[in-house]
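Asks: Chain by chain, the residues:
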Amino acid sequence: MTKDVVFKQEFPVKGSDFSRAGEVSCEIKNLLKELGLNAQVVRRAAIATYEAEMNIIMYAWQGTLILSVTPGRVRIVVEDSGPGIEDVALAMTEGYSTATEEMRELGFGAGMGLANIKKNADDFEITSEVGRGTRLDLTILTNGQRP
Amino acid sequence: MLTLKGLMTLVSGELLTPETDLETECSKVFASDLMSDVLTFMEPGSILMTGLVNAHVVRTARLVDVTAIIVVQGKRPDIKVINEAREHNVPIIATGCSMFEACSRISHSFTEGRR
Numbered sequence: 000m001t002k003d004v005v006f007k008q009e010f011p012v013k014g015s016d017f018s019r020a021g022e023v024s025c026e027i028k029n030l031l032k033e034l035g036l037n038a039q040v041v042r043r044a045a046i047a048t049y050e051a052e053m054n055i056i057m058y059a060w061q062g063t064l065i066l067s068v069t070p071g072r073v074r075i076v077v078e079d080s081g082p083g084i085e086d087v088a089l090a091m092t093e094g095y096s097t098a099t100e101e102m103r104e105l106g107f108g109a110g111m112g113l114a115n116i117k118k119n120a121d122d123f124e125i126t127s128e129v130g131r132g133t134r135l136d137l138t139i140l141t142n143g144q145r146p
Numbered sequence: 000m001l002t003l004k005g006l007m008t009l010v011s012g013e014l015l016t017p018e019t020d021l022e023t024e025c026s027k028v029f030a031s032d033l034m035s036d037v038l039t040f041m042e043p044g045s046i047l048m049t050g051l052v053n054a055h056v057v058r059t060a061r062l063v064d065v066t067a068i069i070v071v072q073g074k075r076p077d078i079k080v081i082n083e084a085r086e087h088n089v090p091i092i093a094t095g096c097s098m099f100e101a102c103s104r105i106s107h108s109f110t111e112g113r114r
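In order, the protein sequences belong to chains A and B. The numbers in numbering that gives the first Met the number 0 rise by one with no breaks, and the one at position 115 of the first sequence is 114. The numbers in numbering that gives the first Met the number 0 rise by one with no breaks, and the one at position 83 of the second sequence is 82.
For the record, the hints were derived by calculation from the structure and aren't laboratory data. On a predicted model such as this, the values are computed, not experimentally measured, just so you know. One thing to keep in mind: the hints can contain errors.
To be verified - Here are some chain B residues the structure puts well away from chain A; computed CB gaps all over 10 angstroms:
1) Met0
2) Glu13
3) Leu14
4) Leu33
5) Ser35
6) Asp36
7) Asn53
8) His87
9) Gly95
Claimed, not checked - Some residues of chain A that are not near chain B, with every Cβ distance over 10 angstroms (derived):
10) Val5
11) Ala20
12) Ile46
13) Glu50
14) Trp60
15) Thr69
16) Gly83
17) Thr92
18) Lys118
19) Glu124
As the list claims (entries may be wrong) - Calculated lysine-lysine pairs in the DSBU-like style (CA-CA distance at most 30 angstroms, straight line):
20) B:Lys4 / A:Lys118
21) B:Lys74 / B:Lys4
22) B:Lys4 / B:Lys79
23) A:Lys32 / A:Lys13
24) A:Lys117 / A:Lys7
25) A:Lys117 / A:Lys13
26) A:Lys7 / A:Lys32
27) A:Lys117 / B:Lys27
28) A:Lys118 / B:Lys74
29) A:Lys117 / A:Lys32
30) A:Lys32 / B:Lys27
31) B:Lys27 / B:Lys4
32) A:Lys118 / A:Lys7
33) B:Lys27 / B:Lys79
34) B:Lys79 / A:Lys13
35) A:Lys118 / A:Lys13
36) A:Lys118 / A:Lys32
37) A:Lys117 / B:Lys79
From the three backbone atoms N, C-alpha and C, an ideal C-beta is built for every residue, glycine too.
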């Protein structure tokens, strides 16, 4: 699969850097548009990436988004160093949130993030270790068809 | 179908991004202060009506293909936020109407796709 990669780039994201929140996701969206991907695929990848970026900024110390594109799929791996998630199943529940008041005032932290990432992905995996961090691995098929 | 010009008239709005094409058409409005909901539920091409004026509104709008932002309640984004919107062609209209009043005025002119 490695030889099929047409594009790969890593994007660092700093925890608590609210002023730049969304910039990485906007850059990724523009890159995917420039690659000529289907508009719906670009939109789903942009939404999933933005939710993941916001999660790093809101909850982790630092993280990295790794975008790779092959002819058939967009893959986004998100790894952070942070407190991790104690109960992943609970965190995946729509509406469950540990966001602070400050995060909510910015319009985030409604407890939709992880569920929305999963909703926009064709394949989604999450692993987390308390005290170390969280890893997301998601894939979106470039033909825009849901399996 | 309404144009941005028509929307501005309905809400007695002021255009904060002068290069906007006011003949741009729109048929859907999504009203929310919760960007999480915008990311989850808003249809592409919608007008985003909100009381938030921070840069995240503009970035959210860019990511989910918002046609324009209407800022309610007499609020105004600061110049940095307006400049970011201008740079990325995200129209912003400011109105003194409350969210309810603005939605009410617009909803009478939409026959479909309103929220």
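Asks: For each hint, tell me whether it holds in the structure or not.
Replies: Hint-by-hint comparison with the structure:
For Met0 (chain B), the requirement that its beta carbon stay farther than 10 angstroms from each beta carbon of chain A is met, with the minimum near 20 angstroms. The Cβ of Glu13 (chain B) sits about 22 angstroms from the closest Cβ of chain A, beyond the 10 angstroms cut-off, so the non-interface label holds. Distance check for Leu14 (chain B) against chain A: the nearest CB is about 23 angstroms away, which clears 10 angstroms, and the non-interface claim stands. With a minimum CB-CB distance of about 5 angstroms to chain A, Leu33 (chain B) fails to clear the 10 angstroms threshold, and the non-interface call is violated.
Not every beta carbon of chain A lies more than 10 angstroms from that of Ser35 (chain B), the smallest distance being close to 4 angstroms; the non-interface claim is violated. Once the 10 angstroms rule is applied to beta carbons, Asp36 (chain B) is inconsistent with being away from chain A; the minimum gap is 7 angstroms. Look at Asn53 (chain B): its CB is around 6 angstroms from the nearest CB on chain A, not clear of 10 angstroms, so calling it non-interface is violated. A beta-carbon of chain A comes within 10 angstroms of the beta-carbon of His87 (chain B); the shortest separation is about 8 angstroms.
Interface exclusion of Gly95 (chain B) from chain A stands, the closest Cβ pair being 21 angstroms apart, more than 10 angstroms. With a cut of 10 angstroms on Cβ distances, Val5 (chain A) stays outside the contact zone with chain B, its closest approach being about 22 angstroms. The Cβ of Ala20 (chain A) does not lie farther than 10 angstroms from every Cβ of chain B; its closest approach is about 6 angstroms, which violates its non-interface assignment. Distance check for Ile46 (chain A) against chain B: the nearest CB is about 5 angstroms away, which does not clear 10 angstroms, and the non-interface claim fails.
Its beta-carbon lying about 6 angstroms from the closest one in chain B, Glu50 (chain A) breaks the requirement of being farther than 10 angstroms from that chain. Consistency note on Trp60 (chain A): stated as away from chain B, and its beta-carbon is indeed over 10 angstroms from all of that chain's, at 21 angstroms minimum. Here Thr69 (chain A) stays apart from chain B, with its beta-carbon at least about 23 angstroms from theirs, past the 10 angstroms limit. Consistency note on Gly83 (chain A): stated as away from chain B, and its beta-carbon is indeed over 10 angstroms from all of that chain's, at 21 angstroms minimum.
Distance check on Thr92 (chain A): its Cβ is at least 14 angstroms (rounded) from any Cβ of chain B, clearing the 10 angstroms threshold; non-interface status holds. Not every CB of chain B lies more than 10 angstroms from the CB of Lys118 (chain A), the least distance being 8 angstroms, so the non-interface label is violated. With a least CB separation of 21 angstroms from chain B, Glu124 (chain A) remains clear of the 10 angstroms interface cut-off, as annotated. For the hint linking Lys4 (chain B) to Lys118 (chain A), the alpha-carbon distance of about 35 angstroms lies beyond 30 angstroms, and the restraint is violated.
The suggested pairing of Lys74 (chain B) with Lys4 (chain B) holds, with an alpha-carbon distance near 20 angstroms, which does not exceed 30 angstroms. With a C-alpha separation of about 24 angstroms, the suggested pairing of Lys4 (chain B) with Lys79 (chain B) holds against the 30 angstroms cut-off. Note on Lys32 (chain A) and Lys13 (chain A): the hinted pairing holds, with a Cα-Cα distance of about 25 angstroms set against a maximum of 30 angstroms. This hinted pair checks out: Lys117 (chain A) and Lys7 (chain A) have alpha carbons roughly 22 angstroms apart, not beyond 30 angstroms.
With a C-alpha separation of about 23 angstroms, the suggested pair Lys117 (chain A) and Lys13 (chain A) falls inside the 30 angstroms cut-off, and the hint holds. The hinted pair formed by Lys7 (chain A) and Lys32 (chain A) meets the criterion: a straight-line CA distance of about 15 angstroms does not exceed 30 angstroms. Pair hint Lys117 (chain A) plus Lys27 (chain B) holds up; C-alpha atoms about 26 angstroms apart against a cutoff of 30 angstroms. A distance of roughly 33 angstroms separates the Cα atoms of Lys118 (chain A) and Lys74 (chain B); the hinted pair therefore is violated under the 30 angstroms criterion.
For the hint pairing Lys117 (chain A) with Lys32 (chain A), the CA-to-CA distance comes to about 21 angstroms; that is within 30 angstroms, so the pair holds. Of the supplied pair hints, the one linking Lys32 (chain A) and Lys27 (chain B) holds, its CA atoms being roughly 24 angstroms apart against a limit of 30 angstroms. Pair hint Lys27 (chain B) plus Lys4 (chain B) holds up; C-alpha atoms about 15 angstroms apart against a cutoff of 30 angstroms. For the given pair, Lys118 (chain A) sits about 23 angstroms from Lys7 (chain A) by alpha-carbon distance, which is consistent with the 30 angstroms threshold.
Restraint check: the Cα-Cα separation between Lys27 (chain B) and Lys79 (chain B) comes to about 27 angstroms, which is no more than 30 angstroms; the hinted pair holds. Among the hinted pairs, Lys79 (chain B) with Lys13 (chain A) is consistent with the structure: their alpha-carbon atoms are about 21 angstroms apart, no more than 30 angstroms. Between Lys118 (chain A) and Lys13 (chain A) the CA atoms are separated by roughly 25 angstroms; this keeps the pair inside 30 angstroms, and the hint holds. Among the hinted pairs, Lys118 (chain A) with Lys32 (chain A) is consistent with the structure: their alpha-carbon atoms are about 21 angstroms apart, no more than 30 angstroms.
Using a Cα cut-off of 30 angstroms, the hinted pair Lys117 (chain A) and Lys79 (chain B) is violated, with the two alpha carbons roughly 33 angstroms apart.
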